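Please put together the full structure from these sequences, using the hints given.
Number of protein chains: 2
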Amino acid sequence: MKKILNDPYSYVDELLEGLVAAHPEYYRRLGANGRVIARAGTPKPGKVGIVTGGGSGHLPVFTGYVGPGLLDACAVGDVFASPSVDQMADSIRAANAGAGVLRLYGNYGGDIMNFDMAGDVVEMEDIRTTTVIVADDVASAPTAEAHKRRGVAGMVYAFKIAGAAAEAGLDLDAVTEVAQAAADACRSVGVALTPCVVPQAGKPTFSIGENEMEIGMGIHGEPGVRIGPLVGADAIADEMLDILLADRPVEKGERLSVMVNSLGATPPEELYILYRRVKARIDAAGGTIVMPLIGRYATSMEMTGVSFTLCRLDPRLEGYLTAPAACAFWRV
Amino acid sequence: MKKILNDPYSYVDELLEGLVAAHPEYYRRLGANGRVIARAGTPKPGKVGIVTGGGSGHLPVFTGYVGPGLLDACAVGDVFASPSVDQMADSIRAANAGAGVLRLYGNYGGDIMNFDMAGDVVEMEDIRTTTVIVADDVASAPTAEAHKRRGVAGMVYAFKIAGAAAEAGLDLDAVTEVAQAAADACRSVGVALTPCVVPQAGKPTFSIGENEMEIGMGIHGEPGVRIGPLVGADAIADEMLDILLADRPVEKGERLSVMVNSLGATPPEELYILYRRVKARIDAAGGTIVMPLIGRYATSMEMTGVSFTLCRLDPRLEGYLTAPAACAFWRV
Numbered sequence: 001m002k003k004i005l006n007d008p009y010s011y012v013d014e015l016l017e018g019l020v021a022a023h024p025e026y027y028r029r030l031g032a033n034g035r036v037i038a039r040a041g042t043p044k045p046g047k048v049g050i051v052t053g054g055g056s057g058h059l060p061v062f063t064g065y066v067g068p069g070l071l072d073a074c075a076v077g078d079v080f081a082s083p084s085v086d087q088m089a090d091s092i093r094a095a096n097a098g099a100g101v102l103r104l105y106g107n108y109g110g111d112i113m114n115f116d117m118a119g120d121v122v123e124m125e126d127i128r129t130t131t132v133i134v135a136d137d138v139a140s141a142p143t144a145e146a147h148k149r150r151g152v153a154g155m156v157y158a159f160k161i162a163g164a165a166a167e168a169g170l171d172l173d174a175v176t177e178v179a180q181a182a183a184d185a186c187r188s189v190g191v192a193l194t195p196c197v198v199p200q201a202g203k204p205t206f207s208i209g210e211n212e213m214e215i216g217m218g219i220h221g222e223p224g225v226r227i228g229p230l231v232g233a234d235a236i237a238d239e240m241l242d243i244l245l246a247d248r249p250v251e252k253g254e255r256l257s258v259m260v261n262s263l264g265a266t267p268p269e270e271l272y273i274l275y276r277r278v279k280a281r282i283d284a285a286g287g288t289i290v291m292p293l294i295g296r297y298a299t300s301m302e303m304t305g306v307s308f309t310l311c312r313l314d315p316r317l318e319g320y321l322t323a324p325a326a327c328a329f330w331r332v
Numbered sequence: 001m002k003k004i005l006n007d008p009y010s011y012v013d014e015l016l017e018g019l020v021a022a023h024p025e026y027y028r029r030l031g032a033n034g035r036v037i038a039r040a041g042t043p044k045p046g047k048v049g050i051v052t053g054g055g056s057g058h059l060p061v062f063t064g065y066v067g068p069g070l071l072d073a074c075a076v077g078d079v080f081a082s083p084s085v086d087q088m089a090d091s092i093r094a095a096n097a098g099a100g101v102l103r104l105y106g107n108y109g110g111d112i113m114n115f116d117m118a119g120d121v122v123e124m125e126d127i128r129t130t131t132v133i134v135a136d137d138v139a140s141a142p143t144a145e146a147h148k149r150r151g152v153a154g155m156v157y158a159f160k161i162a163g164a165a166a167e168a169g170l171d172l173d174a175v176t177e178v179a180q181a182a183a184d185a186c187r188s189v190g191v192a193l194t195p196c197v198v199p200q201a202g203k204p205t206f207s208i209g210e211n212e213m214e215i216g217m218g219i220h221g222e223p224g225v226r227i228g229p230l231v232g233a234d235a236i237a238d239e240m241l242d243i244l245l246a247d248r249p250v251e252k253g254e255r256l257s258v259m260v261n262s263l264g265a266t267p268p269e270e271l272y273i274l275y276r277r278v279k280a281r282i283d284a285a286g287g288t289i290v291m292p293l294i295g296r297y298a299t300s301m302e303m304t305g306v307s308f309t310l311c312r313l314d315p316r317l318e319g320y321l322t323a324p325a326a327c328a329f330w331r332v
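Residue numbers (full-length UniProt numbering), protein chains in the order written: chain C, 1 to 332; chain X, 1 to 332.
Rather than coming from a laboratory, the hints here were simulated on the basis of the structure. Just so you know, not all the hints are guaranteed correct.
[What the hints assert, rightly or not] These stretches of chain X come out as covered by chain C in the derived footprint (C-beta under 8 Å, 3 or more residues): (1) 221 to 227; (2) 256 to 267; (3) 270 to 284.
[Claimed, not checked] Anything over 10 Å on all C-beta distances counts as not near chain X; from chain C, calculated: (4) 30; (5) 34; (6) 56; (7) 85; (8) 142; (9) 173; (10) 205; (11) 224; (12) 228; (13) 248; (14) 315; (15) 318; (16) 322.
All of these numbers come straight from a predicted model, not from anything done at the bench. Ideal Cβ positions, reconstructed from N, Cα and C, are used throughout, including at glycine.
Okay, here's the thing in structure tokens:
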């Protein structure tokens with residue numbers, strides 16, 4: 001694994017500088033040390049704000065999804081590290097347009113602790129906040145302990161659906177309820193083939209044998225559920241779908257979106273080979289796929305691997321999912 | 001390098017199957033063996049058709065760029081291999097709406113030979129064709145022999161600009177002239193850090209030392225101009241820009257688009273670190289960047305590396321570049 005960078009300690013600041021220079025129509029940089037990305041322009045008065053935050057190294061997650069119909073602001077941590085309380089408080093202030101702010105992020109201890117404290121800070125400034133935590137990675141805890149699961153690519157659905165609800169003018173409690181419904185509708189699982197390198201560490205986050213894969217591995221290299229020989233695309237798709245469908249089966253007539261997501265280095269050619277099998281399986285189960293998302297939506301830099309996310313839709317969620325939205329990485 | 005696939009010999013057919021299953025609103029599959037991708041729906045009567053073609057393994061190039069405001073059809077070869085004459089003739093037929101068809105593709109011997117023969121075939125069916133060959137890779141031949149250069153990511157600009165001209169209703173000669181102007185406006189150079197694996201070969205296309213990079217390497221692993229130690233992002237950006245600007249300087253007040261393109265595995269974080277330097281250099285030269293393209297626009301599967309393309313704009317080219325267009329990989 002080879003990386004193109006300057007000083008590893010300026011990796012995040014330099015990438016944010018480039019991001020904002022490239023896309024000033026979407027992003028502006030705020031905060032004492034420039035670690036908050038907010039939507040370009042001023043917040044729409046009376047619109048509920050939505051913020052997220054988390055470690056860097058997952059583009060488009062997190063900060064890429066700031067934009068109309070999506071998020072209002074994002075607190076940006078170092079690679080794979082939580083943003084600070086100050087950065088999160090600044091992101092909440094940036095997103096506040098007088099109607100309160102939803103904190104919508106993944107289920108990681110550091111993020112929860114800091115976002116909770118940031119909420120306490122802004123409460124003293126009369127900014128009301130609510131919280132929805134995305135916990136969609138079925139490989140990270142059993143069904144009975146679903147609240148302990150890590151948040152992975154299901155976040156993208158939650159951002160999109162909650163963002164559309166806020167854009168439609170719903171109030172804070174209603175946006176929060178929609179975001180929770182979106183989070184609850186998602187189930188994900190990943191497979192990793194190679195690790196990635198955190199710039200400041202300078203070496204791979206973990207190792208996988210030359211002809212092996214790890215099913216269920218987390219996006220930071222958290223241990224998966226099974227290490228085994230690297231098998232063919234259809235067999236990989238089947239094992240991942242079996243895990244997802246054991247947790248929650250697809251019902252006949254159900255409408256759902258499917259994400260086949262590259263963790264970074266895996267090219268779109270391979271995603272389409274996998275999607276072919278996923279679609280055949282969902283069709284056979286009697287489900288109908290709406291707006292499949294095939295690409296790089298939630299990554300770990302140059303990690304090789306993929307994740308699948310199934311997002312069950314009812315008419316309300318489907319309407320918000322397919323509503324217009326735009327950021328530098330995704331247009332709906 | 002690990003790949004997710006089934007039979008290497010069904011790699012291209014399976015990925016096309018998945019592509020069309022995922023995005024029927026953009027693509028349909030045609031031809032005796034399904035190796036032509038055409039726009040969904042029927043051709044707009046009287047619109048000039050634009051076809052391209054080439055080897056697989058470069059998504060979104062080639063076939064991804066079929067869509068409104070872009071291409072009408074694409075002949076799809078095996079990985080890194082030219083499509084057949086029959087496939088190219090079928091792609092021309094699919095793109096024909098009675099106003100003739102522009103063949104717009106990269107400067108590779110096999111593609112030229114087969115597209116020339118395909119033109120002869122369809123001429124007997126009274127389909128008029130013209131040709132524009134993109135040859136933008138400055139590292140592949142000196143300025144005095146620019147016609148010998150390989151076609152790389154500059155193709156994306158040519159597809160976009162010619163596609164908008166055809167959509168605007170220009171006739172075949174005028175679309176051809178615009179496409180040639182777009183091709184002439186582009187200069188590219190790449191740097192490779194790691195190779196990729198052609199599925200049917202099963203081993204890397206070339207090798208680069210653990211701490212080395214190759215400046216000027218082609219997208220199929222064609223030799224570059226210099227192998228050297230892997231240096232920092234700013235130094236890489238400077239060397240690539242020096243090569244591009246030596247071939248054609250940026251003039252004060254000039255407007256241009258810049259593409260910072262991942263060859264596959266290189267993540268967007270690194271592209272933005274590079275773009276930061278590119279923008280500073282172009283700003284210093286007095287140029288104005290319009291619509292920078294930062295992402296994966298022309299790839300070689302899981303190859304690590306980047307390419308830069310500069311596309312000089314006049315008001316006409318800028319208008320076509322920024323006109324609406326849509327495919328599964330890109331929306332303008």
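Verification of the supplied hints:
With 0 residues having a Cβ less than 8 Å from any Cβ of chain C, the stretch 221 to 227 of chain X misses the three-residue criterion, and the hint is violated. Judged by the Cβ-Cβ criterion of 8 Å, the stretch 256 to 267 of chain X is covered by chain C as claimed, because 4 of its residues qualify and three suffice. Counting residues of the stretch 270 to 284 of chain X whose C-beta sits closer than 8 Å to any C-beta of chain C gives 8, which meets the bar of three, so the coverage hint holds. The claim that residue 30 of chain C lies off the interface holds: its Cβ sits roughly 18 Å from the closest Cβ of chain X, which is beyond the 10 Å cut-off.
Residue placement check: residue 34 of chain C keeps its beta carbon more than 10 Å from all beta carbons of chain X (closest about 13 Å). In this structure residue 56 of chain C is not separated from chain X by more than 10 Å, as the shortest Cβ-Cβ distance comes to only about 7 Å. For residue 85 of chain C, the condition that its CB be more than 10 Å from all CB atoms of chain X holds, with the nearest at approximately 24 Å. Distance check for residue 142 of chain C against chain X: the nearest CB is about 27 Å away, which clears 10 Å, and the non-interface claim stands.
No beta-carbon of chain X comes within 10 Å of the beta-carbon of residue 173 of chain C; the shortest separation is about 34 Å. Every Cβ of chain X is farther than 10 Å from the Cβ of residue 205 of chain C; the closest lies at roughly 14 Å, confirming the non-interface assignment. Once the 10 Å rule is applied to beta carbons, residue 224 of chain C is consistent with being away from chain X; the minimum gap is 15 Å. No beta-carbon of chain X is positioned within 10 Å of the beta-carbon of residue 228 of chain C; the least distance is around 13 Å.
Here residue 248 of chain C stays apart from chain X, with its beta-carbon at least about 22 Å from theirs, past the 10 Å limit. With 10 Å as the threshold on Cβ separation, the claim that residue 315 of chain C sits away from chain X holds: the shortest Cβ distance comes to roughly 20 Å. At roughly 16 Å, the least C-beta separation between residue 318 of chain C and chain X is larger than 10 Å, which holds for a residue marked as non-interface. Even its closest Cβ contact with chain X, about 12 Å, leaves residue 322 of chain C beyond 10 Å, as expected for a residue assigned away from the interface.
The structure shown violates the earlier hints numbered 1, 6.
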